[in-house]
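Novice: Dock chain B against the given chain A, drawing on the hints supplied.
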Amino acid sequence: MTSLRREPSLLLALLVVTGLVLLFIVYPQVRVVATPGGSGYADFFSGGSWVRPLQNSLSVTALSTTTAVLLGFVYAYAMVYTDMRGKPFFRLVGILPLLSPPFVVAAAYILLFGPRGIITYHVFGQSPNILGLFGIWGVQTIAFFPFSYQLIADVLSRSDARLEQAARNLGAGPWQVFRSVTLPLTRPGLGAAILTTAIYVLEDFGNPALIGGLYTVLPTQAYGLISGFGDLSGAAAVSTILLGLALVIYVAKLRLDGGRQYVTVSGKASSIPRPPVPRWVSWAAFIACSLCALVILLVYGTLVVSALTLAFPTNLGFTTQHFEYVGAHSLSLRNTLVYGLVAATLSGIFAVFAAFLVERGHWRGRRVLDFLLIMPAAVPGLFFGLGYATAFNEQWLDWVDRGALITISMIFWNIPVGYQAAVAGLRQIDRSIDEAATSLGASGLRTFRDVLVPMLGGSVRVGFTTTFVRAVTTLSVVIFLFTTQSTTATITIFQLVGDFNWGGATAFTVADVGMAIIALVVIAVLGRGRVSLGAARG
Amino acid sequence: MTPQLDRRSFLKAMGIVTAAAACGGGGAGAPAPATATGAAPTAAAKPSGRISVYSALNESTNNQFVAAFKAATPGVEVDLLPLAAAGELQTRIKAEKASPKADVFIGGDSSFHDGLGKDGLLETYESPAASAVAKESKDPNKNWTGFYFGIFGIVMNTDRVNKEVGGAKPTSWDDLLDPKWKGKLILGSPITTGGGYIFIATQVFRFNKDEAKAMDYMKRFHANVAQYPGTSPQAIQLVSQGQFVAAPNWAHDILTEKVKNPGIDLAIPKGTGYEIGAVSVIKGTKNPVAAKAFVDWVLTKEAGELNVKLSNRVSVRTDVPPAPGAPTLTSVELVNYDRDWAAANKDRLLKLWQQTVGI
Numbered sequence: 071m072t073s074l075r076r077e078p079s080l081l082l083a084l085l086v087v088t089g090l091v092l093l094f095i096v097y098p099q100v101r102v103v104a105t106p107g108g109s110g111y112a113d114f115f116s117g118g119s120w121v122r123p124l125q126n127s128l129s130v131t132a133l134s135t136t137t138a139v140l141l142g143f144v145y146a147y148a149m150v151y152t153d154m155r156g157k158p159f160f161r162l163v164g165i166l167p168l169l170s171p172p173f174v175v176a177a178a179y180i181l182l183f184g185p186r187g188i189i190t191y192h193v194f195g196q197s198p199n200i201l202g203l204f205g206i207w208g209v210q211t212i213a214f215f216p217f218s219y220q221l222i223a224d225v226l227s228r229s230d231a232r233l234e235q236a237a238r239n240l241g242a243g244p245w246q247v248f249r250s251v252t253l254p255l256t257r258p259g260l261g262a263a264i265l266t267t268a269i270y271v272l273e274d275f276g277n278p279a280l281i282g283g284l285y286t287v288l289p290t291q292a293y294g295l296i297s298g299f300g301d302l303s304g305a306a307a308v309s310t311i312l313l314g315l316a317l318v319i320y321v322a323k324l325r326l327d328g329g330r331q332y333v334t335v336s337g338k339a340s341s342i343p344r345p346p347v348p349r350w351v352s353w354a355a356f357i358a359c360s361l362c363a364l365v366i367l368l369v370y371g372t373l374v375v376s377a378l379t380l381a382f383p384t385n386l387g388f389t390t391q392h393f394e395y396v397g398a399h400s401l402s403l404r405n406t407l408v409y410g411l412v413a414a415t416l417s418g419i420f421a422v423f424a425a426f427l428v429e430r431g432h433w434r435g436r437r438v439l440d441f442l443l444i445m446p447a448a449v450p451g452l453f454f455g456l457g458y459a460t461a462f463n464e465q466w467l468d469w470v471d472r473g474a475l476i477t478i479s480m481i482f483w484n485i486p487v488g489y490q491a492a493v494a495g496l497r498q499i500d501r502s503i504d505e506a507a508t509s510l511g512a513s514g515l516r517t518f519r520d521v522l523v524p525m526l527g528g529s530v531r532v533g534f535t536t537t538f539v540r541a542v543t544t545l546s547v548v549i550f551l552f553t554t555q556s557t558t559a560t561i562t563i564f565q566l567v568g569d570f571n572w573g574g575a576t577a578f579t580v581a582d583v584g585m586a587i588i589a590l591v592v593i594a595v596l597g598r599g600r601v602s603l604g605a606a607r608g
Numbered sequence: 002m003t004p005q006l007d008r009r010s011f012l013k014a015m016g017i018v019t020a021a022a023a024c025g026g027g028g029a030g031a032p033a034p035a036t037a038t039g040a041a042p043t044a045a046a047k048p049s050g051r052i053s054v055y056s057a058l059n060e061s062t063n064n065q066f067v068a069a070f071k072a073a074t075p076g077v078e079v080d081l082l083p084l085a086a087a088g089e090l091q092t093r094i095k096a097e098k099a100s101p102k103a104d105v106f107i108g109g110d111s112s113f114h115d116g117l118g119k120d121g122l123l124e125t126y127e128s129p130a131a132s133a134v135a136k137e138s139k140d141p142n143k144n145w146t147g148f149y150f151g152i153f154g155i156v157m158n159t160d161r162v163n164k165e166v167g168g169a170k171p172t173s174w175d176d177l178l179d180p181k182w183k184g185k186l187i188l189g190s191p192i193t194t195g196g197g198y199i200f201i202a203t204q205v206f207r208f209n210k211d212e213a214k215a216m217d218y219m220k221r222f223h224a225n226v227a228q229y230p231g232t233s234p235q236a237i238q239l240v241s242q243g244q245f246v247a248a249p250n251w252a253h254d255i256l257t258e259k260v261k262n263p264g265i266d267l268a269i270p271k272g273t274g275y276e277i278g279a280v281s282v283i284k285g286t287k288n289p290v291a292a293k294a295f296v297d298w299v300l301t302k303e304a305g306e307l308n309v310k311l312s313n314r315v316s317v318r319t320d321v322p323p324a325p326g327a328p329t330l331t332s333v334e335l336v337n338y339d340r341d342w343a344a345a346n347k348d349r350l351l352k353l354w355q356q357t358v359g360i
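Chains as they are written, first to last, in the working numbering: chain A, 71 to 608; chain B, 2 to 360.
Next up, chain A with everything else stripped away, as it sits in the complex:
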């Protein structure tokens, strides 16, 4: 990117992006942070009820992030490097855990693996007490590996096969190539994956709420303060602690990837295939992915069976009556689809553009914008929505459509993953490519549109997919924003769960998740031609 001064359009674009970030990410959070006031913070911190949840949050974040990133790496490596069978199947299954509406999926885990679980007790005769640290750890590993899988797969698929081929030609064995070529090349992707996964684990509320038992973490404490006791001030103080932790993780990540260069896409087109991996690696990858897929399918299978039986697991009579709720609440399903699609499209585009401005710019304050674009990941959805409800509920703003406000909140809450993917992607693209375009007379924006975006197709896709599935399954963001007309599928599921209507809740979840999968498949089919335009993909 050339100087901002020479390109007013670029400067204008930067101002617009900064303005949107300030208005829709910073301002609502400032309102939340300001809620307790000085005395509120003093009371809360001197009370000390936050110490234990803070310790718990740190432990569980360290454990779950490690296993989720490891699993994500194995999954991504298997998908990109090996020639194992069934890749399209594993690709779809790898997204499923993101499609987990709160309260329903964690409940399915307990049905399967609880003290009287179908697998644990009825198959193996064991009664494990899974509520607590181990339950959270296990469920979060499955729930969050898709983030790291998507980020790492994007980076791996863009790495240059020629370097690995060259290493093999020079006599390196497969393991040596992996250790000294493949692994270092994925460093920006790994850093992004660890950061994003850690922040999302830290902020996770749904899984600890249902499977944590008394193992209280900061988000469940904040939720409990609001839900059980109406203590808004204390809850906002907990949210502030989470923001502080996110800042710490962010600084740690900056140290992690230092100032190194990771260029792997140079100007010359490459069509060399990757060196084949040993057969046993393909098989090991296949077995690992299959085990992972088995657990995921068991969980979703439980939901489908619950939706089709009278009262699972006590009454297994077949019925379709639960699906009557789907017809009765079709408005919420339709809203969910519309908000999700609009938010995902805009979020994906905005994330890549913002990444371009930050990663290719030379202006001051880039790091601040960089952090602000990752920060939403650390804000529990409850507080993101609360910030919007506080900041944008003024009389002179009453004309604003609530559906639009919900969509905007989903765009900015879900920016981080797409943004991280785009930053990691841009770091792998040699700047000489930008320079070639600009020296041929293209403006900075034109270079972005015609040269970089086609090469970043994968990153846009990661942003789109993540935002879409999270928008479809978020309850906490909309809980303070929805109205009768702009209600969403997750609100309906929450109501049915609260009504002890497990059949109705699972039927609605199946409809919601099914709708999301169909939408993703349709988009993938429609978008295939466009995505493959990226000629420089490895």
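Treat the hints as calculated values from the structure; they're not laboratory data.
Careful, some of the hints might be misleading.
What the hints assert, rightly or not - Quick list of the computed label-pair ranges, beta carbon to beta carbon:
no., chain 1, residue 1, chain 2, residue 2, range
1, A, TRP466, B, ASP175, 55 to 61 Å
2, A, LEU361, B, PHE208, 49 to 55 Å
3, B, PRO129, A, GLY117, 40 to 46 Å
4, B, TRP342, A, LEU326, 27 to 33 Å
5, A, VAL96, B, SER332, 53 to 59 Å
6, B, LYS170, A, GLN555, 45 to 51 Å
Stated by the list, open to error - Listed next, the stretches of chain B that the computed footprint assigns to chain A, with coverage defined by at least 3 CB atoms under 8 Å from CB atoms of chain A:
no., region
7, 261-272
8, 301-308
Beta carbons: idealized from backbone N, C-alpha and C, even for Gly.
Specialist: Chain B only, in chain A's frame:
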């Protein structure tokens, strides 16, 4: 945001009509008497227009409840915002105070309404129908009125109780201290669920606020507890599935689940706690007449009977019989539950409890 705009223009039109009516009748000096068409004795104007109701009642109660109100009060439209979580609704009303979107808040323990009242976010209103409500069940400051009771009981998995703990229903909270319950009990987490905290407060009141005795009880109880799940409905679900054997929880929710799974049962030990479910009018409502008409209707015998039928809760009205199998405030022995004290001492008690059980 068409509903909002509709509502606004409608209210404007309403205002003109009411003003015209007032001018027309103003000649004689006294307002003209309201035409006595409706059963509800509204003072000056006939309720009309649209109201927005934030409801913490169960989903299965909402629709029929509102339909019955509309049938009893023709001309009033209701926008119902359903969220069976009173804490979230309370927070939402606080967040919206710059431009209130709700006219009425219904359902949830009175402490959630009381918090809003103390923040000045509720319109004081004493419904004429509140004369049928005992004074302990309504706010002396007239911010809210109680309309149902929720009683705390125990959900049991019948099959496992019979096989593993001898089959007898617990009749007192002390029965749960028997070692035969070890590892078989669960309780909604006192840190994240209102019910879990009510359980602790109930023990304190049972020992006449002797906190040492109450904490000794909680310590011995803790020895039998396998888990403290994060939400109240989840605790019932886990017992219903047979993952655990019994859990202290809300009687009305237990009865609702029992309809779906007859394999569970309800026990009410003596000396139990309860909540008062309330209804209140939001300050800044643009349609106070219709909002108050809604409160008036909620307090009628007809609405009380409907709520009992739909939710298994207990009406505050003594002339409404309880649901089959449901306890009433007179059929069970209650503790002297001091709501203000419980709210004021929450943080301290929870910390004391955490120290006591060592978590």
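Novice: Confirm or reject each hint.
Specialist: Against the structure, the hints:
Remark: the range hint 55 to 61 Å for TRP466/A to ASP175/B is upheld by a beta-carbon distance near 59 Å. One distance hint, 49 to 55 Å for the beta-carbon pair LEU361/A and PHE208/B, holds here, with the actual separation near 52 Å. For the pair PRO129/B and GLY117/A, the supplied restraint of 40 to 46 Å holds, since their beta-carbon distance comes to about 44 Å. Restraint check, TRP342/B to LEU326/A: a C-beta distance of roughly 52 Å breaks the suggested window 27 to 33 Å.
A hinted range of 53 to 59 Å holds for the C-beta pair VAL96/A and SER332/B, which are about 56 Å apart. Roughly 47 Å separates the CB atoms of LYS170/B and GLN555/A, a value that falls within the hinted 45 to 51 Å. With a cut-off of 8 Å between beta carbons, the region 261-272 of chain B has 3 residues touching chain A; three or more are needed, and the interface restraint holds. Coverage of the region 301-308 of chain B by chain A is violated [criterion: at least 3 residues with CB-CB distance below 8 Å; count 0].
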